[in-house]
Amino acid sequence: MKNLKEKIPSSIFYYLKSRISSLFKLSLNGDYIFKIFSGLIASSTILILGLIIYELILGSTLSMETFGLRFIVGVEWDPAIKRSFGALPLILGTLTTSAIALLISLPISLGVALALSEYMPKKLSYFFSFLVELLAAVPSVVYGIWGVYVLIPFLRDHVYSTLQITLGFIPLFSGPIYGGGVLTGGILLAIMIIPIISSVLRDLFSLVPSSIKEAIISLGATKWETVKMMMSYTRSGILGATMLGLGRAIGETMAITMVIGNKFKVFPSSLFDSWYTMSAIIANEFLEATYDLYISALINVGLILLLINLTIVILARLIIWRSLRIVRGIMRE
Amino acid sequence: MKMINKIVIMVMIAIIATTSFIAYQKITLQQEKEISLNGAGATFPFPLIDKWIAEYRKVNSKVLINYQPIGSGGGIRAHMEKTVHFAASDAPLSDVQFRNATGTLHIPITIGGVVSIYNLPGISIYLNFTGEVLSKIFLGEIRRWNDPSIKAINPGVNLPDKEIIVVHRSDGSGTTFVWTSYLSAVSNEWRETVGKGTSVNWPIGIGAKGNEGVAAFVQQTPYSIGYVEFAYAKKNNLLYGRIQNAAGEFIEPNIEAFMKAAATFAITLPKGDENWSNVSIIDSIVNNKEAKGAYPITSFSYILVYKELSILPNINEDTAKELVYFLWWIIHDGQNYATSLYYVPLPKEIVKHDEETIKMMTFNGRQIYRG
Amino acid sequence: MKMTTQKIRKIKDIVMHFMIYLTLLIAILPPFSVMFEVIKRGFMAIDLDFFIKTTPTVGEAKGGIANAIQGTLITIGLASLIGVPIGVISGIFLSEYGENKFSTIIRFFNEVLNGVPSIIIGIFSYTLISPITGFSLISASFALAIIMIPIVTRTTEEALKLIPTMIREAAIALGIPRWKTILHIVLKGAKKSIITGILLAIARISGESAPILVTMGYWRWWFHGLNRPVANLALNIFLFANSPFENWVILAWGSALILILMILGINIITRMLMRGSF
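Protein chains in written order, with the working numbering: chain G, 4 to 336; chain E, 121 to 491; chain A, 872 to 1149.
Each computed DSS-like pair below joins lysine-lysine, with the alpha-carbon atoms no more than 25 angstroms apart: (1) 412(E) x 472(E); (2) 282(E) x 268(G); (3) 146(E) x 924(A); (4) 472(E) x 391(E); (5) 911(A) x 354(E); (6) 933(A) x 178(E); (7) 231(G) x 216(G); (8) 226(G) x 125(G); (9) 125(G) x 883(A); (10) 881(A) x 125(G); (11) 883(A) x 231(G); (12) 933(A) x 354(E); (13) 1063(A) x 125(G); (14) 881(A) x 216(G); (15) 1062(A) x 126(G); (16) 1059(A) x 38(G); (17) 1059(A) x 126(G); (18) 182(E) x 924(A); (19) 178(E) x 153(E); (20) 1032(A) x 231(G); (21) 256(E) x 268(G); (22) 1051(A) x 10(G); (23) 1063(A) x 38(G); (24) 216(G) x 1059(A); (25) 226(G) x 878(A); (26) 20(G) x 1051(A); (27) 412(E) x 380(E); (28) 472(E) x 427(E); (29) 125(G) x 1062(A); (30) 85(G) x 256(E); (31) 355(E) x 933(A); (32) 216(G) x 878(A); (33) 226(G) x 881(A); (34) 391(E) x 468(E); (35) 38(G) x 1032(A); (36) 271(E) x 256(E); (37) 1062(A) x 1032(A); (38) 126(G) x 1063(A); (39) 479(E) x 427(E).
Simulated from the structure, these hints should not be mistaken for lab results.
Can you make the complete structure from the sequences, with help from the hints?
Listed below in structure tokens is the structure:
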């Protein structure tokens, strides 16, 4: 009796399935459905980003009609009198601060992730990993406020003065120091993205199959040599984690606007001078922009930001593709 | 999957769906009974408006009011796009804006003063400034603290031979509008090269975010000078400058000085439904030698509403009525909360003026305020 | 001492050992300083009222963040409901079926989306949803979900990719259909890393105030409906932390402390639930 109860719904189910299959001329099995379903969901990203790009282009039309491509190399931002806008200083500012942030955070994140996954005893490692993940939870606003009240005075009084004494002959390190500015912005960004990159890297390292590690150790490798091998094994993952961090750095708004000085100029006079980034100017001025051209110029800045991010991603992809080809080439031999 | 599991899952889905539906119905019903008013605009009066909203709910719990501190520019934009019931702005509508937003009423709701703040190690008194000196500092023409023109108005003060570090606002703001209005009024050069606005092309200086950013910067940076709303200077115990007014006095910024500035001016206000683009306490007292004790950098903060409320989308007569009575409360009982928050209560002439303006508000042609 | 290759290698090993621990120290110091400041300044805000009452006005002695906690939880919850399934399923698709051009395009779009500043995503969500609801919780959660998706997708995919093919092959050899392999076997192995990714994403969005400002804004009451705004901890921190009014400043730092503790709590609870797979 029980068997019959279970058989009826499942036989209906199979009947429907065969009907639909022959109707659509597909083999309607679990795998296929799953693939299509997950594929559709995955393509929602395309839809979302497409819509965002569309809205950005739509909003930028007025600015593009007024300024054309001159906007990208324009060096003036005058909302009050001349109503002329240009984005070059913003572009340079964003790129510079992000580059500084990466330069600082990448080696440190690698070190942290390795320490957590390879060097520390298990129990300590759990505790510290947990700590590092927790630090990724600190809101950007809090980092910003801390930047103003703690980081800036510290850098101004204890770091920058020494830096200027030793490296002052290089133009980058000369000039008045007030504590904030380009270098401070880069440092704050680095501090913010280190937990993100480290956490992802730590997980990656822990998933390297132990068979590979055992193999190289049995050949007499030191710990450091084993670690070097692991880093090359997870190379594309490292790049991926870096991209996550870079994404955060480029788009960071609140924290950086509190320490970078928000000065619109083509080049800062030194690393200690103020500058501006694309995200910061959007955050600062968007809600207050009163006329259409102003708003359109800001959206135009947003569009450029997106395009720059696009370029970085394309470049990263090319690097991965090349390194994968090299690895495959070696394996073939 | 086993049959029983399938049943359990289906029952759970059914429960979740029903409860969500019931909750949704309840909340929608509650929303229909509730009247909500939305406002947006300047950050300067935000603490005061927030106070008014919270206190008014005790007086009238039928109304749920919400105010978004997105900035004067944002408020004006919201008003022109008719996405809010009321907007707040530190600047009146410009000519162009007024023509595009016909039927706007300007209602001054409070008064504020913008002060110059500075940080000079070793100096703990209030320095004197004139408009000319300030504009030259912000233009970059006066570069050092011991410049002769600063020394001349501060005899006996040991001003250091240090470079002046200027800080201004990086974000658009009504405070900047007021400050640059003042500089435009006292300096032709400023008016022609930089002008006035919520956001301008500053010739020199570092940009800090928000009043708080400027205050923090000045507090931590020796030899710096900036400008903030009065409350920020007071609360952070910053030194502020005494500004010379047209009568030749160097006035220390405080509530009385702001009130004196506003009172001198009250006589010449346009009617509530007229063009207020030229209304400026600053402009009117900058040359007025009779304005004794008045602090020159004083300004109104406004609420903007439409005279005929039915032109707002999704509004009914009850909502319109609640808006009107809320505004009435603001200019009367609301003013009692001003001084403790470092805002200036409206002088009675302006309250009377506002009463007339509020009485102009109509719904489908009928006056809303019934006394 | 002769510098044999052995000795050089050993020296390199020791030096790197030291350097790696050094980076750990450098990395931890600043966030510790941040936490210290937050605790120092937020501690005095904590009392019973803090958790029971709603947003105070300036100068009001008693007030709290009860409504902000409620609002933040609802917002994050709704955003996760949208973002996590989309992210995880996308990650699964990319790692299991991802050898083709279509997947490359999706990965690419995900990386770009990750770099879009949160304020632009906020403005986007507002332009899309505000015609229907105006400033609202739905608009805010939608923006936060968009921010979450690339993070969750990326970490899910990377985690799944590192599960050896051997396991998948063994399962298929046993006759298990591919989709069951993925859902029941492969996913289980990578569960810990996927959870990490989700928690990272949740931590990220709970601290975002820029998109909240643009999609929802400030709200001082309790939850009054999905099409209304709701109170938010991160936004309150942003608005109050630098105000010149004492009680708001203290409230802001207290909120920062609670926000961080909240994330800590989510982390701990999830770890405890996942203890089996350690």
